[in-house]
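Q: Following the hints, put chain R in place on chain G, whose structure we already have.
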Amino acid sequence: MGENNAWIERLTAQGKAKPGRALERSGAFVSGKHGRFVTDGPFAESKEAIGGYLLLDVETIEEAVAIAQSSPGLAYGGSIEVRPVAEECPLETRARELAREEKLATV
Amino acid sequence: MNTQNQNGYMLLFRGNDWIKGLSPEEKQKVTDQWMAWFRRLTDERKAVAGNPLEREGKVVSGKNRVVSDGPFAESKEAIGGYFLLDVASMDEAVAIAQECPGLPYGIRVEVRPVAPECPVASELKREAEFAVL
Chain G
1 MGENNAWIER
11 LTAQGKAKPG
21 RALERSGAFV
31 SGKHGRFVTD
41 GPFAESKEAI
51 GGYLLLDVET
61 IEEAVAIAQS
71 SPGLAYGGSI
81 EVRPVAEECP
91 LETRARELAR
101 EEKLATV
Chain R
108 MNTQNQNGYM
118 LLFRGNDWIK
128 GLSPEEKQKV
138 TDQWMAWFRR
148 LTDERKAVAG
158 NPLEREGKVV
168 SGKNRVVSDG
178 PFAESKEAIG
188 GYFLLDVASM
198 DEAVAIAQEC
208 PGLPYGIRVE
218 VRPVAPECPV
228 ASELKREAEF
238 AVL
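Listed in order, the protein sequences are those of chains G and R.
For the first sequence, the numbering used here gives the first residue as 1, with consecutive numbering after it.
For the second sequence, the numbering used here gives the first residue as 108, with consecutive numbering after it.
Rather than coming from a laboratory, the hints here were simulated on the basis of the structure.
Ideal Cβ positions, reconstructed from N, Cα and C, are used throughout, including at glycine.
Warning: the hint list may mix true and false statements.
[Said to hold, decoys possible] Covered stretches of chain R (chain G as the covering partner; in silico rule of three or more C-beta atoms under 8 angstroms from a C-beta of chain G): (1) 131 to 139; (2) 152 to 164; (3) 186 to 200.
Only chain G is shown next, with the shape it has when bound in the complex (with noise of 0.2 angstroms):
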C-alpha cells in the first residue's frame, strides 16, 4: 500500500494530480421521486464498486490513460476508470444543441 501513496505523491508533487479521496466500503443509493428510495448499497463484492478517485490536471486522455496504468494497484487485478472532466454538464450542451436545431428548423 506504500507503494500507492508513493504513487500519488509523486503525482502530486508533478502537478498532474489534484487530491483525490478514498471511500469507504459502505454507503446508499438513493433512487426515486424525491429519492424516497434509499437502500444500501452491495459494496463489498463487485467489480462495479468505485474504490475511490485521482483528478488529473493533464491535457490528454493518452496522459491520463498512461498514469493510470502505471497505477500499482492494477497490479493485483481491479480496473480503472478514465473520463474527461466535462466544461459544463453535457445535458446543457445536449439541450442548447436541441434548441438551436429547433430554431433552423423553424425558420
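A: Positioned in the frame of chain G, the structure of chain R alone reads:
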C-alpha cells in the same frame, strides 16, 4: 455503518440513459435546476467540489494494464458526475442526495463516506496489530 464522518461524503450520479425521451424543455428545466442546486450547496459550503464527466473515456484493467473503450453508452451504472460534500452525517448527505433534480427521471445517486485512507491499507494495519498481540 457509521453514521458520522468527519471526512465528508461523496455523491456519485449513476445512469446516463435517464434523460432519453425527455423533451428539450424538460432537459433545460432539469439542467437549470441542477445548476441552481449545486450553486446553493456551494454557497452553503456544503459542496466543496463537483464535476460532470464527459460520456466517453477509457478503462484500464488488470496487471497487463489493458486499455479498452468504456461501455459508457447506455448504462444504469455509468457515472455522469459527482459532488464532494462537507457534511458530518450520512443522514445529511442522503437528504442532499434526495434533492437531486434527476431523480424523478430515474437517475440513481450513490452516497459514500470519504475514507481517511484506502480501506485496504486500514485493514492491513489492523491485521498487523492483531498479529503482534
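Q: Confirm or reject each hint.
A: Now for the hints, and whether the structure bears them out:
{"no.": "1", "hint": "131 to 139", "verdict": "holds (count 5)"}
{"no.": "2", "hint": "152 to 164", "verdict": "holds (count 7)"}
{"no.": "3", "hint": "186 to 200", "verdict": "holds (count 6)"}
Every hint from the earlier list agrees with this structure, and none is contradicted.
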